[in-house]
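Protein chains: 2
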Amino acid sequence: MLNEVQELESQKSVPHRDFYNVRKVDTHVHIACGMSQKHLLRFIKRKLKTEKDVQVYYDKAKKKALTLSEVFESLNLTPYDLNVDTLDVHADSKTFHRFDQFNIKFNPVGESKLREIFIKTNNFIEGRYFAEIIKEVASDLEESKYQNAEYRISIYGRRRDEWDRLAKWGLRNKVYSDNVRWLVQVPRIYQLHHANKFISNFGEMLENLFLPLFEVTMDPKSHPELHQFLKYVSGFDSVDDESKPEGQAFTKNTPEPTEWTGSENPPYSYYLFYMYANIVILNNLRRKRGMHTFLFRPHSGEAGAVHHLVTAFLLAENISHGILTEEAQIGIAISPLANNCLFLSYPRNPFPDFFARGLQLSLSTDGPLQFHFTKEPLMEEYSIAAQVWKLTRCDMCELARNSVIMSGYEEEVKEHWLGLNWRKDGPAGNDILRTNVPDIRMAFRYETLCQELQIITNATKISDALKT
Amino acid sequence: MLNEVQELESQKSVPHRDFYNVRKVDTHVHIACGMSQKHLLRFIKRKLKTEKDVQVYYDKAKKKALTLSEVFESLNLTPYDLNVDTLDVHADSKTFHRFDQFNIKFNPVGESKLREIFIKTNNFIEGRYFAEIIKEVASDLEESKYQNAEYRISIYGRRRDEWDRLAKWGLRNKVYSDNVRWLVQVPRIYQLHHANKFISNFGEMLENLFLPLFEVTMDPKSHPELHQFLKYVSGFDSVDDESKPEGQAFTKNTPEPTEWTGSENPPYSYYLFYMYANIVILNNLRRKRGMHTFLFRPHSGEAGAVHHLVTAFLLAENISHGILTEEAQIGIAISPLANNCLFLSYPRNPFPDFFARGLQLSLSTDGPLQFHFTKEPLMEEYSIAAQVWKLTRCDMCELARNSVIMSGYEEEVKEHWLGLNWRKDGPAGNDILRTNVPDIRMAFRYETLCQELQIITNATKISDALKT
Chain A
1 MLNEVQELES
11 QKSVPHRDFY
21 NVRKVDTHVH
31 IACGMSQKHL
41 LRFIKRKLKT
51 EKDVQVYYDK
61 AKKKALTLSE
71 VFESLNLTPY
81 DLNVDTLDVH
91 ADSKTFHRFD
101 QFNIKFNPVG
111 ESKLREIFIK
121 TNNFIEGRYF
131 AEIIKEVASD
141 LEESKYQNAE
151 YRISIYGRRR
161 DEWDRLAKWG
171 LRNKVYSDNV
181 RWLVQVPRIY
191 QLHHANKFIS
201 NFGEMLENLF
211 LPLFEVTMDP
221 KSHPELHQFL
231 KYVSGFDSVD
241 DESKPEGQAF
251 TKNTPEPTEW
261 TGSENPPYSY
271 YLFYMYANIV
281 ILNNLRRKRG
291 MHTFLFRPHS
301 GEAGAVHHLV
311 TAFLLAENIS
321 HGILTEEAQI
331 GIAISPLANN
341 CLFLSYPRNP
351 FPDFFARGLQ
361 LSLSTDGPLQ
371 FHFTKEPLME
381 EYSIAAQVWK
391 LTRCDMCELA
401 RNSVIMSGYE
411 EEVKEHWLGL
421 NWRKDGPAGN
431 DILRTNVPDI
441 RMAFRYETLC
451 QELQIITNAT
461 KISDALKT
Chain B
1 MLNEVQELES
11 QKSVPHRDFY
21 NVRKVDTHVH
31 IACGMSQKHL
41 LRFIKRKLKT
51 EKDVQVYYDK
61 AKKKALTLSE
71 VFESLNLTPY
81 DLNVDTLDVH
91 ADSKTFHRFD
101 QFNIKFNPVG
111 ESKLREIFIK
121 TNNFIEGRYF
131 AEIIKEVASD
141 LEESKYQNAE
151 YRISIYGRRR
161 DEWDRLAKWG
171 LRNKVYSDNV
181 RWLVQVPRIY
191 QLHHANKFIS
201 NFGEMLENLF
211 LPLFEVTMDP
221 KSHPELHQFL
231 KYVSGFDSVD
241 DESKPEGQAF
251 TKNTPEPTEW
261 TGSENPPYSY
271 YLFYMYANIV
281 ILNNLRRKRG
291 MHTFLFRPHS
301 GEAGAVHHLV
311 TAFLLAENIS
321 HGILTEEAQI
331 GIAISPLANN
341 CLFLSYPRNP
351 FPDFFARGLQ
361 LSLSTDGPLQ
371 FHFTKEPLME
381 EYSIAAQVWK
391 LTRCDMCELA
401 RNSVIMSGYE
411 EEVKEHWLGL
421 NWRKDGPAGN
431 DILRTNVPDI
441 RMAFRYETLC
451 QELQIITNAT
461 KISDALKT
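Here the protein sequences line up with chains A and B, keeping their order. All the letters of the first sequence, read from the start, carry residue numbers 1 to 468 under our numbering. All the letters of the second sequence, read from the start, carry residue numbers 1 to 468 under our numbering.
No lab work stands behind these hints, which were simulated from the structure alone. Errors might be hidden in some of the hints.
Note that the list lumps identical chains together, so a pair holds whenever it fits in one copy or between two copies.
Restricting the straight-line Cα-Cα distance to at most 30 Å, the calculated cross-link-like pairs of lysine-lysine (DSS-like) are [stated by the list, open to error]:
{"id": "1", "residue 1": "Lys-375", "residue 2": "Lys-135"}
{"id": "2", "residue 1": "Lys-424", "residue 2": "Lys-12"}
{"id": "3", "residue 1": "Lys-244", "residue 2": "Lys-390"}
{"id": "4", "residue 1": "Lys-45", "residue 2": "Lys-375"}
{"id": "5", "residue 1": "Lys-12", "residue 2": "Lys-62"}
{"id": "6", "residue 1": "Lys-390", "residue 2": "Lys-45"}
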């Protein structure tokens, strides 16, 4: 409010640049719901027209492969019947505070068969359909030029060959775009792997997750496709319903991973600590060998206990959701529309308070398949936030700049998008010609932060003085 | 809430149809801001590239015609400089409760020159650029297939030849689309015409507005182009800042139009009454001659005195804005995003209350140039309403159905879009195969309305009984 007029004036004076052509990254979006519901519907209908006799699914009960039209017959559906309502993937009033109901929505028509065929990398058609639709989504981003996305793709830690299979899928289908980077998400579902006898202790899950990465770092030829694929992986995410009750706390008496042999799922902090520990060691190794390193950017503070945020604050580069956060400069990717459908209604979202307070925020979609209506989900997310919270053009450009900083894009890409000095504090780190963020905003943020740190330092001194 | 599950189930069971492919009409949008800010910017840049040496503007001071590049030189702007911030047409915090500031935003770069060149039908290039950009907007609607718009285009009543000029512009430039209908808006600015000596009394303004229409109705050959153009005009709107204070009230002592000779502007109700009176007589004449008739759908109740709503309620088919309304079944086109920028913040909009109460609502954009961010402004408007107010798919389809009913589309088009019986009350008037609105919703609305009318009737009876 202090500088609004000057801010808008300096934005006007920047040639060419405006909110539409500053780079923005959707820092938190899951690949399995990266397309809109309308896009998925059209894709399925198109395939039913052009590939109805292609075998796409192995029916274990019938012991035979089914063609696409046989699958739809078994579901009692014709292509004409299909609409967005039958697809039924959008979040609705039944999903609020019900993560379990929300998860069911990942299955088009409530049918895990369709999810298996269309949005899995590892299936009877080796993920070909999924690759095709992802490439269409990526080409929409390329067309927009300034919109980018970091898609979450799953590694489960159930089997040792998951990484190689994923890499093969990516390379064989040429799923690559300059506008896309991968974040590998690990669902916290040890208890399922254990119950299904894939693994006998938590240490094995960690080995499945990290051993292939150590091997390929030591010797790229050991997994040549994975070596290629990793170039576009910028980090790790940890995902699951945070509101689920957790059994035991993580203390010094908690068993080591190889001794965690029971059927119970470890707590959030246990998962995060052991992922963090592996990533740190892996990164050191990779740095020595001149390879890029991985960021750790878990989901945290969407719901659940405070220790989730404490853990992530200590271990993570930045976090997704974080609507229960209160302070500090850790990057937070907030998805108000997703929150609105799951845990926190839009008007009650802390976003405007956090932003006014100077926290490092970005706006992200989480999942256009479930939450959005237009063909430009990231713009839709910005639009709604701008409208409801009356953001200025300066606010929107600052959020876009934050999203690039928080992203896992390579150093040289960030320099190109934000300016050579982007790592510097305050206005020195800003290039308005690229970011459209006025220096006066950067100065305000920096001065406020310095003053707040000063207050804390002074308080500590007084407290020390009183003690002596 | 009562029937939500059944409603969703019956929507799923309708083959093919969903919210995306039910017809929806943007029932309230001004043509001068029908394009997005990004679209306008791109259009201007393109023209600067391809037609920089075309003469586009007559400079009265220099007494010569300027080329497009000379105009930009005079503004000290290069094509590269131009961005959405310099264009500065989006509503912002300074426009809230300041209709005057908002009106300035109609001028790109704050320059009436650019508005004159790019978004006027009547200028040095005879509105060619404006026609071209409108045709681009219309072709976006055609591509979407199910989205339609009723654009407000101005007739001022300043001169007698305005209708012929407008018709010539439309026909010469072939500004026609199946997805577009025109509503003629009349700004309530008698006092300006009077001060500029175009007219000497209000009666002349009415003559300029209506005489050409009576002439062309009596004898189509008298204005052949206007006769063609009128086929796509569905009605009249009355527009201006409703929050401006009004001098005198409209009573039986108020002078007749030809005696309204002073410099003061007549009140809202005076404008509406005389427009209404002319439209009724014109419609009777047209009906007798087998021509289509015009709807009267004024802006009303965006702000200002209660008598605005009373007047419109008595005289109008349906109204735009109406956020100060309370009751009854008159159609109301609400534009929550526009309200949010001008008179009423989003969370305080009465839309959800009105909708729950069963009022006849539709959602409209008012002006994508000023309020929206994506390439699909009407979908953006629905999306935001759905997210903030947690509308179900059934709610959204009901709103789309309302928008078609309120629109001025021809009877046969409405029958095609809504079903043959759409004029009937309750479920009998619904065709879920076309509207995707479940019969159970229609029954609920109809039963509720009947019960409420019953209560009023009973109350009247009791009151009568008490009197005797």
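Here is how each hint holds up against the structure:
| no. | hint | in the structure |
| --- | --- | --- |
| 1 | Lys-375 / Lys-135 | both (15 Å within a copy, 21 Å between copies) |
| 2 | Lys-424 / Lys-12 | within (24 Å within a copy, 54 Å between copies) |
| 3 | Lys-244 / Lys-390 | between (35 Å within a copy, 25 Å between copies) |
| 4 | Lys-45 / Lys-375 | both (18 Å within a copy, 24 Å between copies) |
| 5 | Lys-12 / Lys-62 | between (66 Å within a copy, 29 Å between copies) |
| 6 | Lys-390 / Lys-45 | between (40 Å within a copy, 29 Å between copies) |
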